[in-house]
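All chains, full assembly: derive it from the sequences and hints.
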Amino acid sequence: MPGVEGFIYPNEVELQWSVLIVLYPFLTGLVAGAFILASLERVFNVAAVRPTYRLALLTALAFLLVAPLPLQMHLGHPERSFSMYLTPHRESAMAMFGFVYLWYLMAVLVLEIWFDYRRELVLTWRASRGLKRHFYGALTLWSDNISPEALHLDERIGRIITIVGIPSAFLLHGYVGFISGSVKANPWWSTPMMPVVFLLSAIVSGIAAVMLLYVFLSWVRRRAIDMLCLDTIATYLFYAFIIDFSLEMLDLVHRLYEADESLKALDFMVHTRLFVSQIVLQIGLGTLVPLGLLALTQLMRFSDARRRRLYVTAGLLTLVGIFAMRWNVVIGGQLFSKSFLGYTSYKMGFATREVLLPALAIMVLPFIILAVLLRIFPPWEDEPAKAELLR
Amino acid sequence: MDQDRRSFLTGAGKFIMLTGAASLAWDAVLNGTPDQAPNYDATAHWWAMTIDVDRCIGSGNCVRACKIENNVPDEPGMFRTWVERYQIRPDDPEHPIVDSPNGGHDGFAPIKDLPPGTKVFFVPKMCNHCVHSPCVQVCPVGATFESPDGVVLVDKSRCLGCRYCVQACPYGCRYIDPRTHTVDKCTLCYHRITQGLTTACAEACPTGARRLADLKSPKDPVHEFMRTHKVHVLKPQLATRPKVYYNALDGAVR
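Quick mapping for you: the protein sequence lines, in order, are chains A and B.
With this note's numbering, the residue at position 357 of the first sequence is 357, and numbering never jumps.
To convert a position in the second sequence, counted from 1, into this note's numbering, add 391.
The reader is advised that the hints may include incorrect statements.
To be verified - Pairs of lysine-lysine residues, derived as BS3-like cross-links and limited to a Cα-Cα distance of at most 27 Å, are as follows:
#1 B/Lys626 with A/Lys184
#2 A/Lys347 with A/Lys184
#3 B/Lys510 with B/Lys621
#4 A/Lys184 with B/Lys547
#5 A/Lys264 with B/Lys626
#6 B/Lys458 with B/Lys626
#7 A/Lys264 with B/Lys510
#8 B/Lys626 with B/Lys607
#9 B/Lys405 with B/Lys621
Said to hold, decoys possible - Sample of chain B residues with no beta-carbon within 12 Å of chain A, all distances over it, derived:
#10 Gly404
#11 Leu409
#12 Leu588
#13 Thr598
#14 Pro612
#15 Ala630
Honestly, the hints are just simulated from the structure, not real lab data.
Here a beta-carbon is modelled for each residue, glycine too, at the ideal position from N, C-alpha and C.
Right, here's the structure in full:
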């Protein structure tokens with residue numbers, strides 16, 4: 001059989017989870033990471049990252065709105081997915097997805113953004129006319145109380161939501177890791193490290209994504225980048241990445257040292273089918289190089305322009321590395337037979353349902369949503385129009 | 392009539408003993424198949440299967456019978472049951488050579504250039520109807536469930552086609568039916584066993600290697616089989632408690 005080496009169970013010919021399922025943890029990872037970055041400012045009072053606070057929240061929302069889409073497209077019967085809410089099987093790790101997702105979307109992100117923007121929404125409502133007036137009126141839920149007491153209350157509620165939001169973000173992404181980490185049939189997945197590694201890599205990818213978006217949007221808006229902000233984000237990225245990489249290596253070393261029955265199959269795979277995506281892209285280009293670049297910025301003095309370039313390069317490579325990591329977990333975990341006696345391969349198609357084209361569309365969609373969100377909820381405090389509005 | 396008392400008693404004794412044995416055997420046969428009553432009582436049974444590896448000749452009858460009986464798609468990668476052929480060569484016992492061309496559906500071609508001393512045997516595989524089924528555990532909507540009589544079944548009208556159960560099954564027993572976009576697997580011929588019949592694979596097996604077993608029936612021959620044979624299950628370390636019991640299962644089988 002083409003693409004098959006050794007013996008695989010006859011039913012293993014078809015790969016079950018496609019590139020769409022790779023996208024899902026990648027997208028939720030960006031959500032969780034962006035939110036953690038936002039919470040740095042809100043809860044841990046890291047004032048330097050203030051310029052990216054709202055951008056991070058909106059990025060998280062844009063990606064979260066798209067996150068269930070690949071799952072939905074992957075289902076054999078998408079029209080039945082609502083039954084996960086109505087008749088969930090309580091023993092199933094996957095059954096809780098809808099609840100975790102909705103909790104995070106509605107109870108954390110939407111609420112936090114609403115409380116944070118309420119004053120501006122009311123002011124925009126008051127200042128605008130026609131359709132726009134109705135739109136913003138609806139966004140404020142027709143409540144225009146922005147007295148100092150009300151705003152103080154908003155602030156307190158917002159802080160509480162963020163505090164609740166941090167464990168929720170951990171839950172959201174740790175949970176994604178648990179879905180694969182709890183499959184005992186698959187030794188590539190089955191490890192309690194999986195949720196932790198997923199979470200750490202989520203934080204890394206989210207921070208990198210917001211950092212890149214901040215640089216990109218500053219360039220588009222022709223505004224100077226707040227270098228203190230960028231340096232601080234890069235420092236957090238560096239430290240989060242070190243912890244993430246250490247845990248991933250711990251997992252790897254543990255597997256190599258224990259060398260149980262599955263190791264031969266996994267070891268072979270890493271040297272052959274996953275060599276490019278695991279060794280070259282994930283560990284080399286996607287982890288060691290960006291870690292090295294970030295370490296350089298910590299150790300040596302560079303000009304602002306050079307630091308920006310280093311950060312952007314490191315950020316882009318980080319995202320490649322984290323995407324490769326998701327790929328290696330999801331696709332890699334299906335390339336060897338559960339008999340440990342053979343291997344199969346994954347060929348991605350181009351234009352049917354579960355292939356490259358829809359995957360690319362799903363990756364572009366959050367950016368379109370983000371562009372819309374940025375118009376409705378302008379996050380920038382350095383815009384003259386905004387200063388006028390808030391005056 | 393030249394029959395004396397002695398030969399009469401011998402003949403009568405033989406007759407009584409044979410009828411007794413036959414009636415006992417018939418009882419066993421009846422109890423080996425499920426209750427024939429139309430009002431099938433699921434709580435009165437606990438279904439399992441025994442497979443005698445030493446008896447399997449790799450005919451592929453079971454695979455063909457299963458495909459026909461259960462309307463399994465005639466495509467590669469879709470089997471409710473299949474047969475694997477293991478070759479364990481004396482110079483490399485660590486690496487068995489395994490094949491299952493088209494799931495053993497069309498039988499097996501003879502092995503060319505078999506080194507002397509090679510151990511060759513066939514292993515029929517199917518859903519193990521585990522007591523602690525990982526597939527049942529992971530189904531997000533409960534479409535995969537265990538019946539009260541110990542059979543793991545799928546409600547196709549509820550299955551989302553998320554494929555989590557396919558990932559969770561350690562034995563590779565599930566596939567997605569391209570016609571319904573839902574998961575499919577061995578039902579232990581539930582439509583047959585609840586009618587008092589045995590499974591299609593067991594019925595078609597020319598050597599009696601596969602036997603349906605009702606663990607709840609004290610008269611089922613399975614108890615004798617388990618007592619007198621060294622039985623083993625697949626991947627016991629995963630603690631799924633499979634209910635397909637293999638006799639003479641080689642340690643190399645995965």
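The hints, checked one at a time:
1. With a C-alpha separation of about 11 Å, the suggested pair B/Lys626 and A/Lys184 falls inside the 27 Å cut-off, and the hint holds.
2. Only pairs whose Cα atoms come within 27 Å are accepted, and A/Lys347 paired with A/Lys184 is accepted, the gap being roughly 26 Å.
3. Straight-line distance between C-alpha atoms of B/Lys510 and B/Lys621 comes to about 19 Å, which keeps the hinted pair within the 27 Å bound.
4. At most 27 Å may separate the alpha-carbon atoms for a hinted pair to count; A/Lys184 and B/Lys547 meet this at roughly 25 Å.
5. Using a Cα cut-off of 27 Å, the hinted pair A/Lys264 and B/Lys626 holds, with the two alpha carbons roughly 17 Å apart.
6. Restraint check for B/Lys458 and B/Lys626: satisfied, since their Cα atoms lie roughly 26 Å apart, inside the 27 Å limit.
7. Restraint check: the Cα-Cα separation between A/Lys264 and B/Lys510 comes to about 23 Å, which is no more than 27 Å; the hinted pair holds.
8. Taking the CA atoms of B/Lys626 and B/Lys607, the gap is near 24 Å; set against the 27 Å cutoff, the hint holds.
9. Among the hinted pairs, B/Lys405 with B/Lys621 is inconsistent with the structure: their alpha-carbon atoms are about 34 Å apart, more than 27 Å.
10. Consistency note on B/Gly404: stated as away from chain A, and its beta-carbon is indeed over 12 Å from all of that chain's, at 55 Å minimum.
11. Consistency note on B/Leu409: stated as away from chain A, and its beta-carbon is indeed over 12 Å from all of that chain's, at 46 Å minimum.
12. The Cβ of B/Leu588 sits about 26 Å from the closest Cβ of chain A, beyond the 12 Å cut-off, so the non-interface label holds.
13. At roughly 22 Å, the least C-beta separation between B/Thr598 and chain A is larger than 12 Å, which holds for a residue marked as non-interface.
14. The non-interface label for B/Pro612 is consistent with chain A: the shortest C-beta to C-beta separation is roughly 30 Å, beyond 12 Å.
15. A Cβ of chain A approaches the Cβ of B/Ala630 within 12 Å, the least distance being about 8 Å, so the stated non-interface status is violated.
In this structure, the hints that do not hold are numbers 9, 15, in rising order.
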